[in-house]
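Input sequences plus hints: build the corresponding full structure.
Listed in order, the protein sequences are those of chains A and B. Position in the first sequence (from 1) plus 749 gives the number in my numbering. Position in the second sequence (from 1) plus 9 gives the number in my numbering.
Hint data in this document are derived by calculation from the structure and do not stem from the laboratory. Keep in mind that the hints are not guaranteed to be accurate.
Simulated crosslink set (BS3-like; lysine-lysine; CA at most 30 Å straight-line) [as the list claims (entries may be wrong)]: (1) K789(A) / K66(B); (2) K787(A) / K79(B); (3) K758(A) / K79(B); (4) K115(B) / K852(A); (5) K758(A) / K65(B); (6) K852(A) / K771(A); (7) K789(A) / K118(B); (8) K771(A) / K115(B); (9) K852(A) / K68(B); (10) K68(B) / K79(B); (11) K852(A) / K802(A); (12) K118(B) / K771(A); (13) K118(B) / K790(A); (14) K118(B) / K852(A); (15) K68(B) / K115(B); (16) K115(B) / K787(A); (17) K66(B) / K852(A); (18) K768(A) / K790(A); (19) K115(B) / K66(B); (20) K771(A) / K758(A); (21) K790(A) / K65(B); (22) K115(B) / K758(A); (23) K789(A) / K68(B); (24) K758(A) / K802(A); (25) K789(A) / K79(B); (26) K790(A) / K79(B); (27) K790(A) / K115(B); (28) K789(A) / K65(B); (29) K789(A) / K115(B); (30) K79(B) / K852(A); (31) K68(B) / K790(A); (32) K771(A) / K68(B); (33) K771(A) / K789(A); (34) K852(A) / K65(B).
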Amino acid sequence: DTEVTQTPKHLVMGMTNKKSLKCEQHMGHRAMYWYKQKAKKPPELMFVYSYEKLSINESVPSRFSPECPNSSLLNLHLHALQPEDSALYLCASSQDRGPTNEKLFFGSGTQLSVL
Amino acid sequence: TQLLEQSPQFLSIQEGENLTVYCNSSSVFSSLQWYRQEPGEGPVLLVTVVTGGEVKKLKRLTFQFGDARKDSSLHITAAQPGDTGLYLCAGGPYSGAGSYQLTFGKGTKLSVIP
Chain A
750 DTEVTQTPKH LVMGMTNKKS LKCEQHMGHR AMYWYKQKAK KPPELMFVYS
800 YEKLSINESV PSRFSPECPN SSLLNLHLHA LQPEDSALYL CASSQDRGPT
850 NEKLFFGSGT QLSVL
Chain B
10 TQLLEQSPQF LSIQEGENLT VYCNSSSVFS SLQWYRQEPG EGPVLLVTVV
60 TGGEVKKLKR LTFQFGDARK DSSLHITAAQ PGDTGLYLCA GGPYSGAGSY
110 QLTFGKGTKL SVIP
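Below, the structure is given as C-alpha cells:
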C-alpha cells in the first residue's frame with residue numbers, strides 16, 4: 750500500500766462552519782505534512798508532524814488547527830475560514846531516509862471552497 | 010527559506026519536439042527533486058538528484074544537477090501528449106527529526122499538442 754488517502758475530495762463550507770480534513774497512510778511513515786495549493790501556484794508548506802509531534806508550523810493562522818491522533822492519521826480542523834482560504838489542501842507523508850534521500854508521497858487533495 | 014526559480018512558467022509544444030525546463034537558486038541544496046502534478050491530483054515524485062553534476066534518466070526524461078548544486082534541469086526528448094502536466098522542482102533542509110522542509114518552485118505548466 751503506497752497510498753495517501755484524503756477525505757473528502759471536495760468540500761464547500763461557509764465562513765461560520767467547522768469542518769475537518771482527514772488524511773491516512775499505512776506505509777509506516779513517521780512524518781506527515783499539510784500543504785496548501787492555490788490555483789496555478791505551487792504547494793506551500795503549512796505544517797509538519799514528525800513522530801506524531803508538530804515540528805513545523807509555517808506561521809499558519811489559528812483558524813487552521815492540525816492534529817495527529819496516531820502515526821497513520823493526520824487531521825486539519827477548519828473554523829471560521831475566509832474565502833481566500835479556498836484552495837487544494839494536500840497531505841503528504843515520508844519515511845526518514847536521511848538528509849539526501851527524501852521522498853514525499855502526496856494524496857490527491859481536498860478541494861476546499863469557502864463561501 | 011531557500012528559494013527556487015523555475016523557467017519557463019508555461020510551455021506549449023507540438024508532439025515530438027524536445028524541451029528543457031530550468032530550476033535555479035542562489036542557495037546550495039543537498040538534493041533537489043522533480044515532481045509532476047496533474048490537475049486535481051497531488052504531485053508525484055519523478056527523481057531526486059543528490060551529487061553535483063549528476064545526470065539521471067527516466068525513459069525520455071533526463072535530469073541534471075548543477076556542479077555547484079544550486080540548479081537543475083529537466084530535458085524531455087520527443088514529447089508526448091501524456092507528458093502534459095505541471096512540473097515542479099523542490100528542495101529543502103532535512104529537519105534531523107525524520108522530516109523534510111520542502112519548498113517548491115513555481116512550476117512549469119507543459120502542454121504537448123498532438
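Each hint tested on the structure:
no., hint, in the structure
1, K789(A) / K66(B), "holds (28 Å)"
2, K787(A) / K79(B), "holds (26 Å)"
3, K758(A) / K79(B), "violated (36 Å)"
4, K115(B) / K852(A), "holds (19 Å)"
5, K758(A) / K65(B), "violated (34 Å)"
6, K852(A) / K771(A), "holds (21 Å)"
7, K789(A) / K118(B), "holds (9 Å)"
8, K771(A) / K115(B), "holds (26 Å)"
9, K852(A) / K68(B), "holds (20 Å)"
10, K68(B) / K79(B), "holds (25 Å)"
11, K852(A) / K802(A), "holds (20 Å)"
12, K118(B) / K771(A), "holds (29 Å)"
13, K118(B) / K790(A), "holds (10 Å)"
14, K118(B) / K852(A), "holds (22 Å)"
15, K68(B) / K115(B), "holds (25 Å)"
16, K115(B) / K787(A), "holds (11 Å)"
17, K66(B) / K852(A), "holds (18 Å)"
18, K768(A) / K790(A), "holds (24 Å)"
19, K115(B) / K66(B), "holds (23 Å)"
20, K771(A) / K758(A), "holds (10 Å)"
21, K790(A) / K65(B), "holds (27 Å)"
22, K115(B) / K758(A), "holds (24 Å)"
23, K789(A) / K68(B), "holds (27 Å)"
24, K758(A) / K802(A), "holds (26 Å)"
25, K789(A) / K79(B), "holds (25 Å)"
26, K790(A) / K79(B), "holds (22 Å)"
27, K790(A) / K115(B), "holds (6 Å)"
28, K789(A) / K65(B), "holds (28 Å)"
29, K789(A) / K115(B), "holds (9 Å)"
30, K79(B) / K852(A), "holds (19 Å)"
31, K68(B) / K790(A), "holds (28 Å)"
32, K771(A) / K68(B), "violated (35 Å)"
33, K771(A) / K789(A), "holds (24 Å)"
34, K852(A) / K65(B), "holds (16 Å)"
Of the hints listed earlier, those the structure fails to meet are numbers 3, 5 and 32, in rising order.
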